[in-house]
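So the sequences go chain by chain: A and B. The opening position of the first sequence corresponds to residue 1 in the numbering used here, with each subsequent residue numbered one higher. The opening position of the second sequence corresponds to residue 1 in the numbering used here, with each subsequent residue numbered one higher.
Hints in this document: simulated from the structure, not taken from any laboratory. Be careful, since some hints might not be right.
With the Cβ distance kept under 10 angstroms, some of the chain B side facing chain A (calculated, not the full set) [stated by the list, open to error]:
#, residue
1, Val4
2, Gln6
3, Gln42
Heads up, the beta-carbon is just placed ideally off N, CA and C, and yes, glycines get one too.
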Amino acid sequence: DAGITQSPRYKITETGRQVTLMCHQTWSHSYMFWYRQDLGHGLRLIYYSAAADITDKGEVPDGYVVSRSKTENFPLTLESATRSQTSVYFCASSEGGFYGYTFGSGTRLTVV
Amino acid sequence: GIQVEQSPPDLILQEGANSTLRCNFSDSVNNLQWFHQNPWGQLINLFYIPSGTKQNGRLSATTVATERYSLLYISSSQTTDSGVYFCAVERGDYKLSFGAGTTVTVRA
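Use the sequences and the hints to build the structure in full.
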């Protein structure tokens, strides 16, 4: 089905480990985003990408790395996971303008 | 950055009641969206409404851009309306800034 898919849905990892969250969209949208959701903060932007090979930092980028070699994929890597990175992570895509944004189902990450 | 404030933070409704959620933002915006996050965590786009009024079934939204606020109306609420409602704004750089949300609980 067309849409935006995140994997895994749930992940438990240990402090200090590297973990990668995957995001795949089938619409060929130019823009893709990673947000984290924490209680009391709403959603905060981690990184975004305007096109393949173009990425930029958002509000809370520290400790995260992204890449976008193909338009449809936008993985998020936690290089050395910390407990403060326990959160729900949402990927989104948009073609901009009047089309709005569409979000994936989220990945619940727990760092122990 | 732009500040987005939503009120009230929590709302408890009896099924069939009407309600209004408010979103205030601190600067001019190009885009404003309302999202519903259901109890399973899925974020659903309700309205793209940088200005004016839109309606979709029992939901409607109004944005007064010159006064920097938007309202989301829920009429004849149903238990399926429960969840968190987010307002998000964008200032021309395609990056959404979210409010903290309004948690709505509709009781049967």
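Do the hints match the structure? See the list:
| no. | hint | in the structure |
| --- | --- | --- |
| 1 | Val4 | holds (8 angstroms) |
| 2 | Gln6 | holds (8 angstroms) |
| 3 | Gln42 | holds (6 angstroms) |
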